[in-house]
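Asker: Start from the sequences and build out the full structure, keeping to the hints where you can.
Sequence order for the protein chains is S and D. Heads up: the first sequence begins at 1 in the numbering used here, then just goes up one per residue. Heads up: the second sequence begins at 118 in the numbering used here, then just goes up one per residue.
One or more of the hints may lead you astray.
Claimed, not checked - Label pairs and their in silico Cβ distance ranges:
1. D55(S) with E184(D): 21 to 31 Å
2. S182(D) with D55(S): 39 to 49 Å
3. K56(S) with V129(D): 45 to 55 Å
Said to hold, decoys possible - Covered stretches of chain D, going by a simulated chain S footprint (3 or more residues, C-beta under 8 Å):
4. 141–147
5. 164–176
Claimed, not checked - 30 Å max Cα-Cα, derived DSS-like pairs, lysine-lysine:
6. K155(D) with K104(S)
7. K5(S) with K54(S)
8. K136(D) with K71(S)
9. K136(D) with K157(D)
10. K5(S) with K136(D)
Keep in mind the hints are simulated off the structure, nothing from the lab. All C-beta atoms, glycine included, are put in the ideal place defined by N, C-alpha and C.
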Amino acid sequence: DQQVKQNSPSLSVQEGRISILNCDYTNSMFDYFLWYKKYPAEGPTFLISISSIKDKNEDGRFTVFLNKSAKHLSLHIVPSQPGDSAVYFCAASAINAGGTSYGKLTFGQGTILTVHP
Amino acid sequence: DTEVTQTPKHLVMGMTNKKSLKCEQHMGHRAMYWYKQKAKKPPELMFVYSYEKLSINESVPSRFSPECPNSSLLNLHLHALQPEDSALYLCASSLRGSDTQYFGPGTRLTVL
Chain S
1 DQQVKQNSPS
11 LSVQEGRISI
21 LNCDYTNSMF
31 DYFLWYKKYP
41 AEGPTFLISI
51 SSIKDKNEDG
61 RFTVFLNKSA
71 KHLSLHIVPS
81 QPGDSAVYFC
91 AASAINAGGT
101 SYGKLTFGQG
111 TILTVHP
Chain D
118 DTEVTQTPKH
128 LVMGMTNKKS
138 LKCEQHMGHR
148 AMYWYKQKAK
158 KPPELMFVYS
168 YEKLSINESV
178 PSRFSPECPN
188 SSLLNLHLHA
198 LQPEDSALYL
208 CASSLRGSDT
218 QYFGPGTRLT
228 VL
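Answerer: As structure tokens, then:
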């Protein structure tokens, strides 16, 4: 049972344009969401997060939107740069659930973003 | 500073060997994690330590043995591994279990 889904395996965007990466989740206990960027053979790098009490969080070129009713979040990168080319993982946790869920991050399958010059 | 360090960067071992992976952070984080990542897959949680105590074991085989000697250090002891255990092993830490996790660069493990 995949609780966090990234339905687009890949996305190709022109430099300077907007990149939109999508993520859906099924577990209504999830209340904290994160985006990580990963290059091959390296660890994931934290990009941005959002708590379920918000619907938007912005940090420079990165904005994350959360639609709780649709159980959907998206990452917008504006403007896209060739250095943004990487695998992007959406992750979710249930920080207020406690017990065996505490500290457990569930990842989506990842989306490969390619930004062309 | 959000640095988590891992050693070694690469490790090749036979199925009868015993080896250890090391992870270190000096950010004052009290939660530390081991993940396993296979090619083209997301990271999969193996273990969680909270305040130096094992709080989550995701049904990991006993040939993987975690150890948290102090709040800055996390080890993963490996014994009698199988070729299918070859993967990128990632360590992460967070201030507490409810906070953002920061990952190290990983150890690329190959079991022959």
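Asker: Does each hint fit the structure? Answer for all of them.
Answerer: Quick rundown of the hints versus the structure:
1. About 42 Å separates the C-beta atoms of D55(S) and E184(D), a value inconsistent with the hinted range of 21 to 31 Å.
2. The beta-carbon spacing between S182(D) and D55(S), approximately 43 Å, falls within the hinted interval of 39 to 49 Å.
3. Remark: the range hint 45 to 55 Å for K56(S) to V129(D) is upheld by a beta-carbon distance near 46 Å.
4. Closer than 8 Å: that is the beta-carbon criterion, and the region 141–147 of chain D has 0 residues meeting it against chain S, so the requirement of 3 is violated.
5. With 4 residues bearing a CB less than 8 Å from a CB of chain S, the region 164–176 of chain D meets the requirement of three and the coverage assertion stands.
6. Under the criterion of a C-alpha separation no larger than 30 Å, the hint pairing K155(D) with K104(S) is consistent with the structure, at around 18 Å.
7. As the CA atoms of K5(S) and K54(S) are separated by approximately 21 Å, the hinted pair is consistent with the 30 Å bound.
8. At most 30 Å may separate the alpha-carbon atoms for a hinted pair to count; K136(D) and K71(S) exceed this at roughly 42 Å.
9. Between the alpha carbons of K136(D) and K157(D) the distance comes to roughly 26 Å, so the proposed pair stays at or under 30 Å and holds.
10. A C-alpha spacing of about 35 Å is found between K5(S) and K136(D), which places the hinted pair above 30 Å, so the restraint is violated.
Violated hints, in rising order: 1, 4, 8 and 10; the structure is consistent with all others.
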